[in-house]
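> Mind docking chain W on chain E? Use the hints.
Quick mapping for you: the protein sequence lines, in order, are chains E and W.
Here full-length UniProt numbering is used: the first residue of the first sequence is 1, the next is one more, and so on.
Here full-length UniProt numbering is used: the first residue of the second sequence is 1, the next is one more, and so on.
Derived from the structure by calculation, the hints contain no laboratory data.
Fair warning: this is a prediction, and the values are worked out from it, not measured in the lab.
Worth double-checking, as some hints may not be accurate.
Covered stretches of chain E, as calculated for chain W (at least 3 residues, CB under 8 Å) [to be verified]: (1) 31-38; (2) 93-100; (3) 137-148; (4) 288-294.
Ideal Cβ placement from N, Cα and C applies to all residues, glycine included.
Protein chains: 2
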Amino acid sequence: MTSRCGVCCFNEARRVAIFGGTHGNEMSGIMLVNMWLKNGAEIQRSGVMTKPFITNPRAVEKCTRYVDTDLNRAFTPENLSAPSADELPYEVRRAQEINKTFGPKGSADAYDVIFDLHNTTSNMGSTLILESSTDHFTLQMVHYIKKAIAPASCPVLLNEHPLLKYSTSRSVAKHPIGLEVGPQPQGVLRSNIFESMRVIMKHALDFIELFNNGVEFPPCSVDVFKVQERMDYPRDTNGNITAMVHPDLQDCDWEPLNPGDPMFQTFDGRTIPYEGPSPVYPTFINEAAYYEKQQAFVTTRRETLAAQAISKIEQ
Amino acid sequence: MTSRCGVCCFNEARRVAIFGGTHGNEMSGIMLVNMWLKNGAEIQRSGVMTKPFITNPRAVEKCTRYVDTDLNRAFTPENLSAPSADELPYEVRRAQEINKTFGPKGSADAYDVIFDLHNTTSNMGSTLILESSTDHFTLQMVHYIKKAIAPASCPVLLNEHPLLKYSTSRSVAKHPIGLEVGPQPQGVLRSNIFESMRVIMKHALDFIELFNNGVEFPPCSVDVFKVQERMDYPRDTNGNITAMVHPDLQDCDWEPLNPGDPMFQTFDGRTIPYEGPSPVYPTFINEAAYYEKQQAFVTTRRETLAAQAISKIEQ
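Chain E with its partners taken away, still in its complex shape:
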């Protein structure tokens, strides 16, 4: 990236990957990627090599989130630099392979863009997930997508939290972007969720084509929900949960949770209110995969980010 007169200049995004099956029971991305592997016409754009890719084939085969460990947490420097060995967890070996093919992470050789397709059991709609508030390329992309699908909603989740950010599969790319669409149960393929994901990928690839063709995108602002805090279920001394997400909170992703609002309902019917000092915007509410991660939901705050103008570097 270079900068001239307030315009961020990036190389053309010639190498793009679309990951499905990072979690082997999140069906929309798996089915889309498998479909595109057979016939990629709808993801082809002039001047772009777009590679659909199943990241965790063993987990897909078993229709489970992962085999040994969560692939979408496995792209740490330690894992990626560990000496290759058969004794490593399957997903760590897989992360190393993916890093070789699409990275190396942080290097000039890395893919330009990786989209990673996910589903959630939470009522999050079509959510774009960013890992950086200063990557003006992805900020401009999500701005483009949000405009393209309006009046449908497309919330943007920014995970830059020093402790809660994790080492995703897509982090191998120069410009990583997650797509999280729900609600959809694990192991289920719903046509509405499948089509929502497909439409967003269409607009994302259109954006890349326009950018590569020399379109300059002017400065803009992007409303995001920034990750603040992980909220766990109430648990007993054995770690078993003792309450459920309150019915007033269930399915209310992205809506404000105010101090005093119901948050959990204990099995004996008692309400536990939210006691934070100010309103937050919960999301990933009651996601199946996060019980084991001690997370009932994550709180966010609304922020507006300034995206600088972007343009391609003229060769």
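Okay, now just chain W, sitting in the frame of chain E:
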């Protein structure tokens, strides 16, 4: 059972079991049973010994449907009579243990009633599942429950199909009854589904108490949906699905599917209509666990069963 003047007489139902965790990722029954194991006050009734029981603890531990094979298909005569051996699949060994404790199946020593608590990803609401159209005790029980929770709905699924009926965990009892509540994703606990299941169990146990106390239940009729046919997804020659449940059918469990109505949507957007000769009532639509069983939904027909009067045998 004996019969006098058109009244079916049964022994008091003194031994009742409530099974949770027959499928280890169906959370409502697991959490209810675990709760009742700690404090069974709400399932106690005078003159009834009610035993809450986790049927597949290893699957519950892993939050997976099963470990080796589906426990809720494992109660076949072959499995139950197989010589005990460590090499048997875990669930077959477990079925033998359960049969010893709560059966033997088909014997006078078997438990009187077993409730088996299940969740589904399908939009089935609170469904009671019967295995026999001539068990007047369970027919009277479901009639009682339906009246008790009205105007809320409580469909009754009758699975007497010669090929599609399977060997359930609850089939060990003299009077087996399944409770299937959804929609709820696997691995998720939703407070509304939890409470629906809990309320039905309350009424079911109330019925048993009334019966044991000598209340005679007069003849009645019970509307049921009788299992007809398993409908699989369209698949390619490798067995991969090539279409999804059509959005017009998704979540429409128990609603009529007429000849010509949309049934599936292929990945390229083509609609596949239902081509049967007459309307059917689909259910278990897009249940996560049934992709591997080659079932997109099951068709049913509406029938009205005549339940005879029942009374307890005076000792």
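> Where does the structure disagree with the numbered hints, that is, which hint numbers, in rising order?
2 and 3
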